[in-house]
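Student: Below, each chain spelled out in residue letters.
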Amino acid sequence: MSPDIQANYPVIIIGSGPSGSAIASELTRAGVRCLMLEAGKYYPRHLFPRPEIDYYSQIYWGGGIELDTTARNGIMRGKAVGGGTLAYQGIMYRFDEFVYQSWRDLSGISYFTEEDMQPWYDRAEPLLHMAPVDERYRNECSRIFLEGHRKLGYQAKPELRAQHNCQWDRGNDCIMCLGGCPLDSKGSMPHTVLKRALRQGLHLIPEFEVDQVEVKAGSIICRGRYRRDRRMSFSCRRLVLAAAPLGNTRLLLKSGFRDRLPALGKNFYIHAQWFHFGLFDQEINAHKGPFQVYGSQDMRLRRKGIKFENTFAPPAGLAWLYPGYGRRHHAFMRRYRYVSCIESSIRSFHPGTIRLDRNDNLVIDCGLTGDEYRRTREARNMAYQMLCSAGAREVATSCFSICPHHFGGVNMGVDGGRSCVDPEFHLHGFRDIYCADSSAFPGATGLNPVFTILALSIKASQQILKEMA
Amino acid sequence: MTSKYFTPAQLQVFNRIGDIIAPGDGVLPRFSETGLIHQIDRMAAYIPAQDAAGLRLLADTLRFMPDLAIRLLLKITTLNRYFPGPVGANLRKLNLGLKGIVFNLYYSFPDDPSGFSLRIREGISWDGAIRTRPAEPDDLPALVEAANPLNRDGSAR
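First to last, the protein sequences are chains A and B. The first sequence begins at 0 in numbering that gives the first Met the number 0 and counts up one residue at a time. The second sequence begins at 0 in numbering that gives the first Met the number 0 and counts up one residue at a time.
Just chain A, with the same shape it has in the complex (with noise of 0.2 Å):
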């Protein structure tokens, strides 16, 4: 072993989300010693960062959001041991038909089907408890959600959480768990599938931000800095690739990969999701309880790449989205408690790049054509229409969207001049490198996407298995 490695590991797995978590959990139990290195900071639950301006700053990269080359759009990406899991909240779900039938279309890959993937979904549901909210817990915010759907004529059902013990009859808010959730309700990685992980012997080191992986005969090396400053290198046998679109793709972009890779940094596709605000006459207090507890679940909605859902923000967060400043604004913040609020979710259809400036630093085209705007103004022409139809007396939209959900720069295919992961979840023409997160999602889903990245993990885990085997 070279001098400056620190050690050497059959597996290391980079990045600890919902893909790095499945697999170590996998891995392990198989009784392979694998090492994780997560960029972020392990916060422990009575040490979630508080209050707001805290937890945007330190368990998101960027300092909270890092905006496209429009400036339109802000991705929004979890650094901290569970990534973005820490934040989410927790909606599962079983990508369908219409979903596969793009990513086989995209990717030329014929396990993308609801019959083959199945199984995967069956291992990974055990993991978290996963229930819809009972209907006694819905708050006015979901009624007038609802209430809107139908008058529009459009299905909405409660959405599949990862969650239980909520006691939202006790007092609790789900929005206080934004920033991680202190009573381990949420089912965020660290508490569920890293746990698991960690007692089957994982090793982890937080804090450690690889910055370069080098391919030598029969091993790979990954450099980076422990605690921002101490530069060291790891060795392994097979690495995993487990730090989302943006990490994975600045990693390989930044360690030379490109010319073995053409695609790289290509076919990137996020969820734009534009908050839409009415204001109404009566108390709504859509902060209390649970919240984002229905989405639209309609096929017409969902083949013109729409989705909604009854989501909410906390005091700072509204306030950044909510358009405008001054005494207007002052005017909206007081009625905090009288505001409504449905997201929209596009799906984009058309992919965009990520590539890296002369400083290394990221530039994100997310890709965004005509037609996505287009939906964009429709969808927010329907949920005005749910909002005024409820009652409401003003509506908004938020002055950005955010996108927590992105997708691609390291897409699967089976052809290596198109894509840069194979069906057995290598990078062409690296055997010993994998990916399984949604870096490697040939396409957008226009549904959320924890669920299908556990499952899709878990099968790159048997895979990894058996090669090691």
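Hint data in this document are derived by calculation from the structure and do not stem from the laboratory. Only a predicted model underlies this, so the values are computations on that prediction, with no experimental measurement involved. C-beta atoms are modelled at their ideal positions from N, C-alpha and C, and glycine is treated no differently. Careful, some of the hints might be misleading.
Stated by the list, open to error - Computed, partial: chain B to chain A, Cβ under 8 Å: (1) A8; (2) N14; (3) P22; (4) P47; (5) I75; (6) R91; (7) G99; (8) S124; (9) P136; (10) N150; (11) G153.
What the hints assert, rightly or not - Derived lysine-lysine pairs resembling DSBU-like cross-links, with alpha carbons at most 30 Å apart: (12) A/K78 with A/K194; (13) A/K303 with A/K150; (14) A/K215 with A/K465; (15) A/K253 with B/K74; (16) A/K215 with B/K92; (17) A/K78 with B/K3; (18) A/K253 with A/K40; (19) A/K78 with B/K92; (20) A/K194 with A/K465; (21) A/K150 with A/K194; (22) A/K40 with B/K74; (23) A/K253 with A/K156.
Fit chain B to the known structure of chain A by using the hints.
Tutor: Relative to the frame of chain A, chain B by itself:
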């Protein structure tokens, strides 16, 4: 008024901008009155270096401009959709960046001995809460600690 990332003069400019974005309305206080700009390092420590450099340059540029000019600049940033390409994108970035600083400080209710955070919280009737405690003890910190092959200084265990 001290910050590791901005000079007092730059903070003063942010206060002037803050007073346009959050001018107060009788119930809610004026931004500069709250003194919350003192807490800007809570954000500044985590934003990318080039964004922080951009904010310093902006503050230095606006320092000698009258309030009316700053007000006009902010107004132009809100008209970003009428400007195509990079000009519009930069106006949007400026708008989001300045609103982000002011509203994150103002509506996050950080600990604040002067009591202004409490006044803002009451002004918007915010009462989000977690009122229960977890039933189970947290064994995860010990697991994470034991799983790390490095000491905090980077030496091997």
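Student: Can B/N150 be said to touch chain A, with a Cβ gap under 8 Å?
Tutor: Violated. Min distance 10 Å.
Student: With 8 Å as the cut and Cβ atoms as the points, is B/A8 at the interface with chain A?
Tutor: 23 Å, violated
Student: For a C-alpha distance cap of 30 Å, please report whether A/K215 and B/K92 respect it.
Tutor: Outside the cut-off at roughly 42 Å; violated.
Student: Can you verify the interface hint for B/G153: is its Cβ closer than 8 Å to any Cβ in chain A?
Tutor: Holds - the Cβ of B/G153 comes within 8 Å of chain A, reaching about 4 Å at its closest.
Student: Does B/K74 lie within 30 Å of A/K253 when you go C-alpha to C-alpha?
Tutor: 39 Å, violated
Student: Does the structure keep A/K303 and A/K150 at a Cα separation of 30 Å or less?
Tutor: With a Cα-Cα distance of about 19 Å, the restraint between A/K303 and A/K150 holds, given a limit of 30 Å.
Student: Measure nothing beyond the straight line between the CA atoms of A/K215 and A/K465; if it is 30 Å or shorter, mark the hint as holding.
Tutor: 23 Å, holds
Student: Restraint: B/R91 near chain A, CB-CB cut 8 Å. Satisfied or not?
Tutor: 4 Å, holds
Student: Holds or violated: B/P47 as interface residue toward chain A, Cβ cutoff 8 Å?
Tutor: 6 Å, holds
Student: Hinted pair, alpha-carbon criterion (30 Å max): A/K194, A/K465. Please report holds or violated.
Tutor: 24 Å, holds
Student: Is the straight-line distance between the alpha-carbon of A/K40 and that of B/K74 30 Å or less?
Tutor: 39 Å, violated
Student: Given B/S124 was flagged as interface, is its beta-carbon under 8 Å from a beta-carbon of chain A?
Tutor: Holds. Min distance 5 Å.
Hint compliance for this structure: hints 1, 2, 5, 9, 10, 15, 16, 21, 22 and 23 are broken, all remaining hints hold.
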